[in-house]
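Just so you know, the protein sequences line up as chains A and B, in that order.
Here the first sequence is numbered in this note's numbering, starting from 1 and rising by one per residue.
Here the second sequence is numbered in this note's numbering, starting from 1 and rising by one per residue.
Any given hint could turn out to be false.
Which copy is meant is left open, so a pair is good if it fits within one copy or across any two.
Stated by the list, open to error - Under the rule of at most 27 Å between Cα atoms (straight-line distance), these lysine-lysine pairs were calculated in the DSS-like manner:
{"hint": "1", "residue 1": "Lys43", "residue 2": "Lys193"}
{"hint": "2", "residue 1": "Lys587", "residue 2": "Lys73"}
{"hint": "3", "residue 1": "Lys51", "residue 2": "Lys284"}
{"hint": "4", "residue 1": "Lys485", "residue 2": "Lys687"}
Simulated from the structure, these hints should not be mistaken for laboratory data.
Being a predicted model, the structure only gives us computed values, none of them experimental.
Number of protein chains: 2
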Amino acid sequence: MTTALFNRTPLLTEGNPELKRREIRDYFHTTQDRYEQLFETLKNDEAWYRKPIPLRHPLIFYYGHTATFFINKLVLAGLIDQRINPRFESMFAIGVDEMSWDDLNEANYDWPTVSEVRAYRAEMRRMVDGLIESLPLTLPIGWGSSWWPILMGIEHERIHLETSSVLIRQHDLKYIQPHPAWQPCRKSGETPKNTLVNIPSGRVKLGKQGDPTYGWDNEYGRHEADVPAFQAARHLTSNGEFLAFVENGGYADDTLWEEEGRAWKEFAKTQHPTFWVREGGAWKLRLMTEEVAMPWDWPVEVNYHEAKAFCNWKQRETGLPTRLPTEDQWVRLYDFAGLREVPHDQPANANLHLDHYASSCPVTEFRHGELFDAVGNVWQWTETPIYPFESFKVHPLYDDFTTPTFDDRHNLFKGGAWVSCGNEALKSARYAFRRHFFQHAGFRYVVSDAPVTVHASHYETDKLLSEYAEFHYGDTYFDVPNFPKALSELAINAMHGRPARKALDLGCAAGRATFELAKHFEHVTGIDFSARFIGLGVQLAEQGVLHYTLADEGELVFYQERRLAGLGLDDVRGKVEFWQGDACNLKPHFTGYDLILAANLIDRLYSPKKFLATVHERLNPGGILLIASPYTWLTEHTPREEWIGGFKQAGENLTTLDGLKAILGAHFRLIEDPFEMPFVIRETRRKFQHTLSEVTIWEKTG
Amino acid sequence: MTTALFNRTPLLTEGNPELKRREIRDYFHTTQDRYEQLFETLKNDEAWYRKPIPLRHPLIFYYGHTATFFINKLVLAGLIDQRINPRFESMFAIGVDEMSWDDLNEANYDWPTVSEVRAYRAEMRRMVDGLIESLPLTLPIGWGSSWWPILMGIEHERIHLETSSVLIRQHDLKYIQPHPAWQPCRKSGETPKNTLVNIPSGRVKLGKQGDPTYGWDNEYGRHEADVPAFQAARHLTSNGEFLAFVENGGYADDTLWEEEGRAWKEFAKTQHPTFWVREGGAWKLRLMTEEVAMPWDWPVEVNYHEAKAFCNWKQRETGLPTRLPTEDQWVRLYDFAGLREVPHDQPANANLHLDHYASSCPVTEFRHGELFDAVGNVWQWTETPIYPFESFKVHPLYDDFTTPTFDDRHNLFKGGAWVSCGNEALKSARYAFRRHFFQHAGFRYVVSDAPVTVHASHYETDKLLSEYAEFHYGDTYFDVPNFPKALSELAINAMHGRPARKALDLGCAAGRATFELAKHFEHVTGIDFSARFIGLGVQLAEQGVLHYTLADEGELVFYQERRLAGLGLDDVRGKVEFWQGDACNLKPHFTGYDLILAANLIDRLYSPKKFLATVHERLNPGGILLIASPYTWLTEHTPREEWIGGFKQAGENLTTLDGLKAILGAHFRLIEDPFEMPFVIRETRRKFQHTLSEVTIWEKTG
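Sequences and hints are given; from them, build the entire structure.
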């Protein structure tokens, strides 16, 4: 074991700037040193160049990668303008690690020698040292600081310290040698009896606001929740406890597995935890540098699917609603256990931050109140797919750290393992992996009736839906006011004195006007022909938030989050409903409205005549119909014979306005002169549709 | 014959307003009366309902049509808001006469009775009388006046007075009866000998500017030309003179006919002029209400094709370059003959305006200086397809009077026939028909070496080309300055002090920047991949004018004319050239430039890398390269692997600007910070593309 404590992630808000400069340099150096020390466990040259598992690069890549990451971020931040070695930096740029995708380009890599990479790392270190020496430093250090990419590089290397330790653990033992700095725990014993602890209800607050340390983008923002009372296992599930599941045929019993887990299990032909080794009649456990007799009281290491199948089995055995904790429940456990961050000046009271072992240890060793291992030992899988907290923003220097994982397929794990250091060891850390991946991760089961909330995490990437999300809820361009909002205000003004019970937003698209109208009306129905558009409104009504990507140029995107609350519309969520429907053939019960808004609708209908000729049937006497349209007639939407204007009739120009007057005249009067209202739809960072929609406001007269 | 002179078209600039009101009322009434009198030549009911020729409506339509025309224009002008009879007005709206198209919708018309239509006409007359009584009248009366649609209705009826007289002449004689008010000339004699008159050169000025009378849109604007000396036949070609061509086998000899004429002749199986009737061994001539023994000294009546074939025959016989006059030559003949407009208070010295006969008369009867029938008797075909004079504008109340004939397939005829009255009888009148149509029209041949200029008349209707014509030469929208002009000014500013011999506008599209750069450079080459775009620049360079339609809404369009002169670019026409070419594979001789402008080009190339890597070879040392692009990368234009930015490379965002710097860095330096320049492309009246193009300016360093 190292004798000194492995440096903690620096506090960025306080202290003397010159001391802080020295602290960051030390943090950099010890991280570098510890990372290089990890590779000293490789026994021979082949160990560097053989892939530990098929879907990962060999370890030589990871040795170079953390240095290249520094260079890339420093170039991006404009702190350096010369690369060290463009060839290396192209080769070492894209890892395929557990943070990222699970496909590997099988290009024929011509890896450099270890000593070349070592020299490259040394050069990077000199370059960063130069920056640390010379950059002006003022506290606090925030997202925009020149120091942020340096801290990012260090924390990134600490992540790889852990993930590379997993790869070494997955490498054939013939390539690995023990190392004095990487000594496992030598204690083990019988399977401890696990029991349930009652966790009282409590409010949790998540989100790294005003936190004094470095964080990744997904940690920032706000999330609060009231967690009802539940029960939690006192200990992490041990190898011994898990053995009952294995011996009970748990891996063979498909009914215990979730669909995705079953597919993985069949593909992987798995019959026991990945680090378990069957030798003769006995189980052994693969550690980083050796195999040991199975320590039954250490935490079992599994992926989410195995943990989940265990819980399902446990539920079957006990009749209790057993599952993994949600992220909120995990935080409640942390709070309940009365934990604090790892102290800077003494060892953690947890198997964490390399303060004790280079392996797990018994689940009975670190007590935290009524629980054990509330943090540390192994990561704890949760039921929660990672999602952005409110006011999530992407850090511009690393815009794909988190966003590709917002897909409801990456679950969070919490608490850190024995090797989790720096940012990873913090309560606020939020790492998420595909549910079938392996890390030094296990689980604690809970007994809870509370449903698992899947938070909105998906970033809408469909071009049209994203454009409309931005059109309705996003920024304004060319100083053109938000169109559905402006129309809604017009409509509300036109109502003066009239009843305001029910409004219909027909052709509501992403639904902004539906919400806006609900400020004035008791109830607003949004209807659109496209169920995909409706989906945006439904998500906002249910979750209050939309995420989508905005095209920058080419394939590059920006990430956007929009919340009803930020638009002053959170209060009206209960007053809206959205339905898929056809304006030309509306179901009979959509009637009795005081207002019908038809924004950019009529020139997209297959039969505007039919719609216009019958729309009065849906309105109350004296009700208002507001139509806005650029009259962009296209045969792909509206057959030529269904156009209501925009052609010559009997030799004379018949405008759409003429056609509206002719058709609506029987039941409506125009109560204001028509006028044009502009709108802008953003296609890319530099390309926009800029359109004028003619607004006519009609009162139902008969 | 009528005893009083048929009213002349009123002067609209002078006189007492109340007397003018009375003059217009009289003009309206006498026109109405004379038109109704024409239909008194119909012998029976069947005469009204049988089509005289297959491609025209029966005469009942034309009886109602001129009344409906009044109603339609008055509605359009907002002078009345109630129609008289919507059913009639739908039925009588669209004629298929010689002014319009040659296809007839064979719908089953359920025509009303003659007395119903008569009553309808009377009601229209009362309505217009009411307007004439009550509308405020101030002089002059111009295009925007409320009186204009009334005058338009009257002049329109006078046109139909003539065209209906042709239909009656084409009707079977069994339907037609003589009428005292429609008595033909009774004089006829031997074929007069035709001789050539020397016409000295002279300048002609066309265009109804400041003219005191009503005119159709095509008469306005400016056109001036120097007409070189030529010879003209003293007389119109008589039936007798034309007989020689007929008897010489002219109709059978394909070599005498132009291609279009040959096709018509074969389709129509024509062997002699259309109103000639062969009876036994003798030729007779069909007049409006009777057939007479062939008056050999009357002008032959033919279409353009027959006239042209005669000229070709004449040329073969005489060896002299014989053809029809151009419009300019016809005006020169008018001026040479010393003619003036028909006087208001005495009969015309010409067989014109119904002042003498309801038929032609001998070509020897009306002498005009050394010529006979410089005007009157029959219309005279010209070689000139109708085209818009400079500053032509469409009248908003009748936007398809002329524009559909701007197709190089409608030739002008000039001078009027015996029945041409009002506007038709004026020197400025410009009527054009398809070359195979028949009116009371013949010709005078000329002997002239001067080539026939076909003026730019075609209105570009292709959506993309029209959009680009407007983008480059049209109005600005949303206060965004003209983009190619603004870029050219930037480029010229960037040149300060550098040589300015040759510039290259690569991806010139419609060519505006090519012209703009020629203000500063000695010579500018515009190159575009699209020959269709190049066509716009070529036409401007050659003719100085562009015509195109702009989408309004649906199928409705506006008509636009743009002239280099109006943009201050007429002086540089000689300094530009346009070529079709491929920026990725440019011919070797396109080199030695001081400036290369690449506006909105690179993201439309199939290999921008190749272009950018070699463009320095085309520039002189120290030369300037200006690139502007919104970086809208699309695989339909540029395969993904050819993009120079807009994607992640080695895990990091690579912008197009990064890519430009990387590729151009070897030979260029960026001499200014990049900035964005907006442009707007108008798609319809209300729909626009509004885009930002990033501008980078590079100096060639090596």
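Now the hints, each set against the structure:
Taking CA atoms no more than 27 Å apart as the test, Lys43 paired with Lys193 passes in neither setting, with 39 Å inside one copy and 120 Å between copies. Proximity of Lys587 and Lys73 under a CA criterion of 27 Å is satisfied in neither setting, with 56 Å inside one chain copy and 43 Å between copies. In this assembly of identical chains, Lys51 and Lys284 lie within 27 Å of each other by CA distance solely inside one copy; the values are 23 Å within and 105 Å between copies. Taking the shortest Cα distances, Lys485 and Lys687 sit within 27 Å of each other both inside one copy (22 Å) and across copies (20 Å).
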